[in-house]
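Put the complex together from the two separate chains, hints included.
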Amino acid sequence: MFKWLHPLAKPETLYHFCGRLFPWLMLSAVSILLFGNIWGLVFAPPDYQQFDTVRIIYIHVPAALLSMSTYTMMAIAAFIALVWQVKVAQWSVLAIAPIGAVFTAISLLTGMAWGKPMWGTWWEWDARLTSQLILLFLYLGVIALYGAFSDRQTGGKVASLLALIGIVNVPIIHFSVEWWNTLHQGASITKFDSPSVHPSMLWPLLISLLGFYLLMLALVCLRLRTAILEHEQHRPWVRATLGGH
Amino acid sequence: MQFDSFSDFLAMGGYGFFIWLAYGLTYGLLIGLVGYCFWEMKAFHQSFRQKLARAQRIKQYQETEHP
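Heads up: the sequence lines are chains U and A, in that order. The numbers in this note's numbering rise by one with no breaks, and the one at position 231 of the first sequence is 231. One gets this note's numbering by counting positions in the second sequence from 1 and adding 1000 to each.
Pulled out of the complex, with its shape left as it was, chain A reads as follows (with noise of 0.2 Å):
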């Protein structure tokens, strides 16, 4: 452990701005971009499926309608 104190450890021997400026940029874009792809890939699946019930419904349609 480098650091006696919490308050310390925010400092980071004065240059505290520049370090948690770095650190805090870095994991704000690595949170977004996880939340991105995750998004992504949710944002497929839901509009695929309301694809697939939407052909269903006109097919079941199709059926009872015109026999």
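Okay, chain U solo, but in the shape it has when bound (with noise of 0.2 Å):
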């Protein structure tokens, strides 16, 4: 695995990969996406308790995993920039950070949306809530950090810093609510043994995950491919393969 992995550390084949696959990532994202969100719009049941605001779900759920998970790429991106000093690691850091943001921004203005007509409130300073607000200011200070250095070298050593240590958040949102008492209710499909949703709203719940996902990979990619061309563009294969039309 690591012979095929290996040659991906070098920003002109790692270009090229991503330009290969993104294409494929991107329309199946959409296509995947948006047959997920209206199947649950449209044909999955409502609810017997929440009636038709359970279709929340199918956007909701799949932002806050992706936010976790997006979270977790990135730190292991930074870990591999700080301990042996990848190039493309630490550009992949401050490419998926953005990504991150938004994941996590969707997560919470959803959970608003929902939380008002169920619990009653748009916003509770309880546990899940916090630590996912705490994600978003982590995703935020990534950026942040890394605009706030004038040497880019710098700038990206800190901010993967930063994204490392940050991972601790991960599992505090994610077992927030066994740890304290929450408005938030616990996990329904993450608990493999016996999942708690019924079929008809599992599958379209799980086609619209995937569609972020893959959502996610693409635009992972697409940024990627801008940060590897800004990074080497003095390079002569920027130049032959961006001069050529």
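Honestly, I wouldn't trust all of these hints.
Dumping the calculated DMTMM-like pairs for lysine to aspartate or glutamate here, alpha-carbon to alpha-carbon at most 25 Å [as the list claims (entries may be wrong)]: (1) A:1051 with U:12; (2) U:116 with U:47; (3) U:10 with U:230; (4) A:1051 with U:232; (5) U:87 with U:12; (6) A:1059 with U:232; (7) U:10 with A:1040; (8) A:1051 with U:47.
In case anyone wonders, no lab produced these hints; they're calculated from the structure.
Set out below in structure tokens:
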């Protein structure tokens, strides 16, 4: 596996690899996401307690899960960047951060729009909501720290460090519903032994989740390509790739 | 199909406002993000080509005026 992975540390190879993946990821992301969401909005049954508001689940849960797995991905890239000094790993940290921030914002906003009719409040300072808000600040902190240094190398290092330290928040978010009393309900699909969601709702949810996942990967590919070009613009291969047409 | 008519679908059993607010914000943010990522790529391509063309013009000028 490492024999296959290793060439991707070379910026030029990674640029072309992402370029080949991108159209397929983007196309499948859009179609699968729309398919899952339309299924959830039109064909899935309403909940017996939450009625039609349960349809928010098809964007809320995928966005929330993605906000955490995107963060994990960013922290792994930060670890590789700090320990093995892989340039492209450091660039990916910054390529991933804004994407994760948007997913986190989506999970918070959809949660608010769901909380108002079901809990009677837009916001509550409880464990799950607060730790998720901290995740948003961590993403924004990574972006801001990088921008605060005039030297991109130093900025990248410091931002990677914050990204890595911030990973402690991910298990806190996940277990917050068990460790503290909270308005938020417990996990429903991540307990694999006995998923507590009926298949008529679980399928559109899983399909929406796959759509979100593919969209995240597609956007990471796209942003990483831009980052690689920006950092490598004085190299001959960039001129050969972009100057030709 | 869970709804009898299109207005039924929009009403969402009385919770239409919250559901369409959630979906509207989500798709607004997602479309904004995708648009931003594409714009970023395009903007770099454009500035890079401009820089390249400028370097070429300078080189040409130097070659013709001062042989």
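task = Would you pick out the hints that fail for this structure and give their numbers low to high?
result = Hint 8 contradicted; others consistent.
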